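K.L.:
What follows is the residue order along each chain.
Protein chains: 2
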Amino acid sequence: MGFKAALKTVSKMEDSEKIIEKLKFNDDGLIPAVAQDITSGEVLMLAWMNKDAVKETLKTGNVCYWSRSKGELWRKGEKSGQTQSLAELIVDCDNDTLLLKVKQNGVACHTGRKSCFFSTAKNGELVENQKVITPPEELYGE
Amino acid sequence: MGFKAALKTVSKMEDSEKIIEKLKFNDDGLIPAVAQDITSGEVLMLAWMNKDAVKETLKTGNVCYWSRSKGELWRKGEKSGQTQSLAELIVDCDNDTLLLKVKQNGVACHTGRKSCFFSTAKNGELVENQKVITPPEELYGE
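For the record, the sequence lines run as chains E and C. Per this note's numbering, numbering of the first sequence is gapless, rising by one per residue and ending at 178. Per this note's numbering, numbering of the second sequence is gapless, rising by one per residue and ending at 178.
What the hints contain is simulated information worked out from the structure, not anything from laboratory work. It is possible that some hints are incorrect.
Because identical chains share one entry, a pair is satisfied inside a single copy or across any pair of copies.
Stated by the list, open to error - Each computed DSSO-like pair below joins lysine-lysine, with the alpha-carbon atoms no more than 30 Å apart:
1) K58 x K167
2) K158 x K87
3) K87 x K115
4) K139 x K87
5) K87 x K106
6) K167 x K54
7) K106 x K58
8) K60 x K87
9) K139 x K60
10) K60 x K158
Note that this is a predicted model, so its numbers are computed, not measured.
Could you build the full structure based on these sequences and the hints that come with them?
P.N.:
Structure follows, in structure tokens:
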């Protein structure tokens, strides 16, 4: 399904509470969410959501995570502009993991790379598999 | 990179200890691992690994997780035959999540579907987005 078709799905996700009821959150009230670029299929990142984050994501169509380090809602791209538009929210067989198919606006990684998965294990070393597209100073600078 | 080319990568991953040293495991000694089909790009599942699971996976090239419910190493496909052959192991920017590019032999999900992510949120309901390929009784039966 392309992004335009998928957007229709989002607009129909009005009943976020019914989805949230089906999900299994961990002891910290969180569920892992894997973001995948709906166009390229590239896996972009893994982050965590609490109930409020799932609710906001389903309501707005803009992906919102829970920042474990800051202890607050993390509206992806709020500072950097590198937002994620939700196309589909998919639940796994155990109802304890989410797959978010998204349109990634710009880059997903705070290092300025498209995906956070840029270090491939090879000969006991981690080898960079992608280049910086937008330098962090452009993403977070004045 | 195709699977045949990628297999070469695995054979060079002899120094698993050096990779494990770089990873951040959580308080339970675990790290989440996302498995993605290297051919189709489909996200298949998310499971967890401890150090021994990472080590075994890198050494054998067959994906081995840690079963949180059973508290033991989970050699994927050991009973069902639906093994995952590792092509690439990729680490994220925080060194606390793994992306496994794999050749999925058969189906990844215990329900007999290719991927565990088969329930799409739509109108407050979870709608099946893929069919069973191999019934569970064939996977786990006598």
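K.L.:
Does each hint fit the structure? Answer for all of them.
P.N.:
Consistency of the hints with the structure:
1. K58 x K167: Cα proximity of K58 and K167: across copies only (21 Å, versus 39 Å in one copy).
2. K158 x K87: between (38 Å within a copy, 17 Å between copies)
3. K87 x K115: Answer is within; shortest intra-copy Cα gap is 22 Å, inter-copy 36 Å.
4. K139 x K87: within (22 Å within a copy, 34 Å between copies)
5. K87 x K106: For K87 and K106, both the intra-copy (17 Å) and inter-copy (27 Å) Cα distances are at most 30 Å.
6. K167 x K54: between (41 Å within a copy, 23 Å between copies)
7. K106 x K58: both (27 Å within a copy, 23 Å between copies)
8. K60 x K87: both (10 Å within a copy, 26 Å between copies)
9. K139 x K60: both (26 Å within a copy, 29 Å between copies)
10. K60 x K158: between (35 Å within a copy, 18 Å between copies)
Checked against the numbered hints given earlier, this structure breaks none of them.
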